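K.L.:
Sequence:
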Amino acid sequence: MNRGSWKIRIFIGLAIVAFAFIKKCNNTEENPYTGRSQHITMSPDQEIAIGLQSAPEMAQQHGGLYPDERLQAYVDQVGRKLVQNSIARETPYKYDFHLLADDRTINAFALPGGQCFITYALFKQLNEEQLAGVLGHEIGHVIGRHSAERIASSEFWRTATMGATVGAGDIGNVVGGIGQNTLLKNGRGDELESDELGVLFMIQSGYNPNEMIEVMKILKAAAGPNRVPEFQSTHPDPENRIEKIKEAIAKYQGQS
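Here the sequence shown is numbered in my numbering, starting from -8 and rising by one per residue.
Keep in mind the hints are simulated off the structure, nothing from the lab. Here the structure is a predicted model, which is why all the values come from computation and not from measurement. Mixed in with the good hints there might be a few duds.
[Stated by the list, open to error] Derived pair list, reagent style DMTMM-like, types lysine to aspartate or glutamate, alpha-carbon separation capped at 20 Å:
{"no.": "1", "residue 1": "K72", "residue 2": "D87"}
{"no.": "2", "residue 1": "K237", "residue 2": "E182"}
{"no.": "3", "residue 1": "K208", "residue 2": "E234"}
{"no.": "4", "residue 1": "K242", "residue 2": "E184"}
{"no.": "5", "residue 1": "K235", "residue 2": "E184"}
{"no.": "6", "residue 1": "K72", "residue 2": "E120"}
{"no.": "7", "residue 1": "K72", "residue 2": "E234"}
{"no.": "8", "residue 1": "K237", "residue 2": "D181"}
{"no.": "9", "residue 1": "K115", "residue 2": "E234"}
{"no.": "10", "residue 1": "K115", "residue 2": "E81"}
{"no.": "11", "residue 1": "K237", "residue 2": "E202"}
{"no.": "12", "residue 1": "K208", "residue 2": "E238"}
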């Protein structure tokens, strides 16, 4: 490769990286419900659409919905109580709460826009207040716009990696690695933010927030000495979350 071609590649690569950075800055906004500055590239309506479109497939991956309509209504009732008594009711999201038939995988998760899920394997170990803690945590993910934030971050790193690859070959792989590490770090922060919001929603709805700590103990016990449940593989270690939950309880109970 002659020197002129090398310079052109560097210039194009830098231009692509600069474009990615400018786009990221232009799509940074303050979350009106958490006050946190976020890089978001989609509207709440788009989040809702993605969640509704993805919900059937996600349910199918866990054996579909649990067949007992009475238990489905119970989960929905607890979820709606949390929404009605918290800032969630002021958001544009469409909240639905689903009990999944999967009786082996301990997990709970939320899709963009308000679709929240809990597996029967986790549900059957919880009392109502503990269920409220789990659902409050998932509502926190929706309000925190964590999925939308991860999607935007993925788009940024894909573009930046392309620019670095064009401009400097193997360096693109390094940039890509940095992006993945950043996404993982943000994910752990998302979980802690959702824990804090979950505590707040429990208090506002009349539930005992200390039951959130009991949920962490249940998750830790479910892991056993060797096995890592799905919930723990996608969330920080329960033991590491308990101290933050205690801090949130002290913070919000002091305000009530």
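K.L.:
If you check each hint against the structure, which ones fail?
P.N.:
Failing hints, ascending: 7, 9, 10.
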